[in-house]
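Could you build the full structure based on these sequences and the hints that come with them?
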Amino acid sequence: MKTGLACRGLGVKLGNRWVLEDLDYTLESGGIHGLIGPNGAGKTTLLRALAGLLPLKKGEITLDGTNLASISRAQRAREAGYLPQNGSCHWPLPVERLVELGRIPHLESSDILGSADRDAVRKALEQTDTWDLRHRTVTELSGGERARVLLARVLAGCPRVLLIDEPLAGLDLYHQLQVMELLQHIASEPGRLVCVVMHDLSLALRHCTVLTLLDRGKVLWTGAPADLLKTSRLDRVFHVELQAFHAECGPALVPVRRLDA
Amino acid sequence: MKSGPTLSPLKLSALLALLLLSLAVVSLGIGEVFFPPWQWPAALGGPESAAYQSILWDIRAPRTALALVAGAMLGLAGAVLQGYTRNPLADAGILGITGGSSLAAVLAIYSGFAVAWPLGLPIAALGGGILTTLLVVWLAGRGGDVQTLVLAGAAVAAFTAALTSLALNLAPNPYAGMEIVFWLLGSVKDTSWNQVALASPFCAAGFLLLLGTRRGLQALALGDDAAATLGVNLSGLRLRVIAGTALAVGPVCAAAGSIGFVGLVVPHLLRPWVGHDPGRLILPSALGGACLVLMADITSRLIPTPSNEEIKLGVLTALVGAPFFFALIFKMRRTLP
Numbered sequence: 025m026k027t028g029l030a031c032r033g034l035g036v037k038l039g040n041r042w043v044l045e046d047l048d049y050t051l052e053s054g055g056i057h058g059l060i061g062p063n064g065a066g067k068t069t070l071l072r073a074l075a076g077l078l079p080l081k082k083g084e085i086t087l088d089g090t091n092l093a094s095i096s097r098a099q100r101a102r103e104a105g106y107l108p109q110n111g112s113c114h115w116p117l118p119v120e121r122l123v124e125l126g127r128i129p130h131l132e133s134s135d136i137l138g139s140a141d142r143d144a145v146r147k148a149l150e151q152t153d154t155w156d157l158r159h160r161t162v163t164e165l166s167g168g169e170r171a172r173v174l175l176a177r178v179l180a181g182c183p184r185v186l187l188i189d190e191p192l193a194g195l196d197l198y199h200q201l202q203v204m205e206l207l208q209h210i211a212s213e214p215g216r217l218v219c220v221v222m223h224d225l226s227l228a229l230r231h232c233t234v235l236t237l238l239d240r241g242k243v244l245w246t247g248a249p250a251d252l253l254k255t256s257r258l259d260r261v262f263h264v265e266l267q268a269f270h271a272e273c274g275p276a277l278v279p280v281r282r283l284d285a
Numbered sequence: 007m008k009s010g011p012t013l014s015p016l017k018l019s020a021l022l023a024l025l026l027l028s029l030a031v032v033s034l035g036i037g038e039v040f041f042p043p044w045q046w047p048a049a050l051g052g053p054e055s056a057a058y059q060s061i062l063w064d065i066r067a068p069r070t071a072l073a074l075v076a077g078a079m080l081g082l083a084g085a086v087l088q089g090y091t092r093n094p095l096a097d098a099g100i101l102g103i104t105g106g107s108s109l110a111a112v113l114a115i116y117s118g119f120a121v122a123w124p125l126g127l128p129i130a131a132l133g134g135g136i137l138t139t140l141l142v143v144w145l146a147g148r149g150g151d152v153q154t155l156v157l158a159g160a161a162v163a164a165f166t167a168a169l170t171s172l173a174l175n176l177a178p179n180p181y182a183g184m185e186i187v188f189w190l191l192g193s194v195k196d197t198s199w200n201q202v203a204l205a206s207p208f209c210a211a212g213f214l215l216l217l218g219t220r221r222g223l224q225a226l227a228l229g230d231d232a233a234a235t236l237g238v239n240l241s242g243l244r245l246r247v248i249a250g251t252a253l254a255v256g257p258v259c260a261a262a263g264s265i266g267f268v269g270l271v272v273p274h275l276l277r278p279w280v281g282h283d284p285g286r287l288i289l290p291s292a293l294g295g296a297c298l299v300l301m302a303d304i305t306s307r308l309i310p311t312p313s314n315e316e317i318k319l320g321v322l323t324a325l326v327g328a329p330f331f332f333a334l335i336f337k338m339r340r341t342l343p
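These protein sequence lines are chains A and B, in that order. Here our numbering is used: position 235 in the first sequence is 259, and no number is missing along the way. Here our numbering is used: position 201 in the second sequence is 207, and no number is missing along the way.
One thing to keep in mind: the hints can contain errors.
[Claimed, not checked] If we take Cβ atoms under 10 Å as the criterion, some of the chain A residues that face chain B in the derived model are:
no.	residue
1	G105
2	G111
3	R177
4	V178
5	G181
6	Q202
7	V261
Simulated from the structure, these hints should not be mistaken for laboratory data. Quick reminder that beta carbons are idealized off the backbone N, C-alpha and C, glycines included.
This is the structure:
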């Protein structure tokens, strides 16, 4: 049986515009799969489609060979966790309560948590370095603290598939590394599928196992990070001249100047 | 800063239920005849038992029951709608349902239908509520998104308010106009058991539907997308919210007129005590709403007025509600940077 989350001939329309057109993509286990590309390339749309949030105009998405649309809502919620971009919380909930909401797919009644649920919440708080924040009010946290708490919410559900949109936005350097290492650790567990939308190409090169370059709703390139630098497409896709430095920890990409189209 | 004091939802509900029970007893004991519970056994067993029984059972009990049901439904719907729209200013009025009920009731008074048949008014109001709900559902479309629903509700509410004003404007004589205005002010005075019996089954169904939104409202705190990936059926939740609100609030509006501010204020008051959790707020808000309306109704019987006409319930709840809003604004100003 085919394992992984795959889409074939995917077409998604938002309004009158095709945001994704005839797109093939496969998310497999073993390491982080990074989605990169300029603004408006369709990274978030692809991630939302994989999360089952969008109606598909064309093609299909399968999880382990089963059509995603035929899997029940509840089952899907247990299998896949999705972290939206710039997530927020609408009520001033205590941090711990917010992370507990990540257990909703596993609960009979959304208020009664068993010991397994409590363990998962505790682990998620510890992994994201937010254990000490657990009694604070989420709306009073800094942007970076809130981003980590929202990530903890997704991790608390212990989903096999993690779909994460720009987890590094607003994080300081320390916590950027911490989140990437944490995702790498999770992605190394057998059977886990981890797809992350990233803007920092250097961190993507260092921490991802597979990178997929999107542009204008299509997959331009996919492969191992080490091979990405060999393609000359990056400059043209991002409209920026990029310079690569080879540090001890891995390659670093620095934007030099804008290229006008 | 730590989050504020919280009670377990069960403890809070138990406290509110206790308060509600005592208020209900007070409500049965107070009126033109002061009749406290310790006199009940003697009076009901005494020579004038029929008169006392009539005061308790035919006059005060249905009034108390309606105040309780009305408050519970308004508080409940307010909590659910605030959680659903994630807007602390929402209440049952934003879906246009109370506006539709009021309009139909006004038309029933206007046309004389209300006089011709004792239950004509509540049944017309109920029908008006259902019709406007269908209109809102049709306008908002099939999707699951909150914005279009709020817009549709606001549009329908504005339209029914305009038609209600038109009816007042064209009222054939000042008495009809007065009657319409008094009805719009909201009251549980002179309630009959028939009215309570007519409203109760609908309210019970609405109550159950709205209680079931708990999990959905909690997930929605994280936004639509996150809620959907947590397994919430957004269009199903929306239908449940609309149908539940229509069933719970429509009959209340039909029996007691429009009682404002309860659905707005009660969830606000109780929210800090449940740690701002929109799901845990639902049941306490129902109990708190019942307490508030009972309190207001008891107060309306105690305040002397020059005309000897009781102050209308809707006036009292608004009188209490508006200053509460002032306090809320001051509090918000303090917490803003």
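A quick look at each hint next to the structure:
no. : hint : result
1   : G105 : holds (7 Å)
2   : G111 : holds (6 Å)
3   : R177 : holds (7 Å)
4   : V178 : holds (8 Å)
5   : G181 : holds (8 Å)
6   : Q202 : violated (22 Å)
7   : V261 : violated (27 Å)
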